[in-house]
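**Student:** So the chains spell out like this:
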Amino acid sequence: MPDNNEINADSQNVSKARMLWLLFWEFFKIASFVVGGGFAILIVAEDVFVKKYHWLRDGELSDMLALIQTVPGLTAGNIAIYTGYRIAGTAGALLALTGVAMPSFIVITAIAAGFSALPLDHYIVQGAFTGVRTAMAGLMLVALVQLWKSSLRDPLQYAVFIAGIIAVSLFHLNPGWLIGTALILGPVWCMAILRRIPKAAEEEEAQK
Amino acid sequence: MNLIVIFFLFAYFGCLCLSGGSSLLQFYIDELVVARQWMTLEGLGNLMAISQVTPGPIGVNLATFLGYTQGGFWGGLLATVGLLTPSYILMSLAVKSYTKWHDSRFVRSLMYTLKPMTLALVATALFAALGMSVFTDQIPFDYWTGMVEKYEGNFGICWEMTPLFIFAIVALWKKKLSIMSVIFISAGIGAAIAAVMGPASA
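Residue numbers (this note's numbering), protein chains in the order written: chain U, 1 to 208; chain H, 1 to 202.
Hints should not be assumed to be uniformly reliable.
To be verified - A partial selection of chain H residues facing chain U, derived with a Cβ cut-off under 10 Å:
id, residue
1, 30
2, 37
3, 40
4, 45
5, 51
6, 67
7, 109
8, 114
9, 119
10, 134
11, 142
12, 153
13, 156
14, 165
15, 188
Calculated from the structure, these hints are not laboratory results. Please read all numbers here as calculations on a predicted model, not as lab measurements. No residue lacks a Cβ here, since even glycine has one placed at the ideal position from N, Cα and C.
Take these sequences, add in the hints, and give me the full structure.
**Tutor:** Written out as structure tokens, the structure reads:
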């Protein structure tokens, strides 16, 4: 596209204010048109900020996937924060994050405002919802299987996984306590008992 | 008062949602449905369904929606801001000290147990989703294992939904269809099944 070249040409000396605006606007557009999860956003953001603006290294966002997934938060939000921070510091991160959240906020507020007027009790609408919930159950099963390989790699990790399921399903424990327990158990096991850190899955995959 | 609760509750969710928010649903079930009873499990499922098909990342959509149902416009705003604030702070710190963060033995030892625990929360959220789609009620693990003596639920298999469930898994696993298409097709099939079976089935 011809306009890409124009932006490339002056991207070397864009003012900070314009850079911040572009971070906001590009993420606003990305979030508006990408429906669903965070990984689609990663691909589109890489396309925009690498190919169009040359503000990130080629493949930088994919390389940072481990970091984006490690830090607590939504994938989409963390991608925006990372990109914004790398390009324009804390202000850039804030503007990119605002851009990524804004479309959801506008659309959902509009829907939620008219939510009570929708014929939600109608049996056909209920049927459609049951259909979507079924698809979501399938989606979650597929996500579970895909996460399985990188999350469960040795017996202790299997034990933690099973203990976590039992704690929630049978004892109805608060998931916050479980995350807290895992936060203590990991360093105690790896650094005090095992005295080595099992190799992270991402590193092995990155080497391939 | 309620708005402050919403903000800090979602900030708490924001601190704990690892692996890009995939374990978030279990937190919503536990805190919003079970502990605070702000909504039913089905209600949460319906909000999630709408969040899935509207523009924007699903995590942000759902947070805005949940906040709005509890505190209107400001509730939606504070829930969204609350959810994203912890990651804004933590992610900025992490990028700043990336090399230290990445090689840190401490962070790697944290991830060693956090990943399987997060996966366990994904699994329990999956059980909840199954309980409101292919099963007629939540899976009574506690009754089956004798943790509770009496069972008052209505657990059974919802046969008309099982082919749709299998279709969704195959389509998503083989990457034949996008998530969006699978969801819209499922909504259509669900509506068609309801129309054929009549109002009594609901």
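**Student:** Take the hints in turn and mark each one as holding or not.
**Tutor:** Taking the hints in turn, this is what the structure says about them:
1. 30: 6 Å, holds
2. 37: Because about 14 Å separates residue 37 (chain H) from the closest Cβ in chain U, which is outside the 10 Å limit, the hint is violated.
3. 40: Violated. Min distance 12 Å.
4. 45: OK, holds: residue 45 (chain H) within 10 Å of chain U, min 5 Å.
5. 51: Status holds, d = 7 Å.
6. 67: 9 Å, holds
7. 109: 4 Å, holds
8. 114: Nearest chain U Cβ about 5 Å off; hint holds.
9. 119: Residue 119 (chain H) check passes; min Cβ-Cβ to chain U is 4 Å, inside 10 Å.
10. 134: 6 Å, holds
11. 142: For residue 142 (chain H), the interface hint holds, since the closest Cβ of chain U sits about 5 Å away, which is under 10 Å.
12. 153: Nearest chain U Cβ about 14 Å off; hint violated.
13. 156: 14 Å, violated
14. 165: 5 Å, holds
15. 188: 7 Å, holds
Hints 2, 3, 12, 13 from the list above are not met by this structure, while the remaining hints are.
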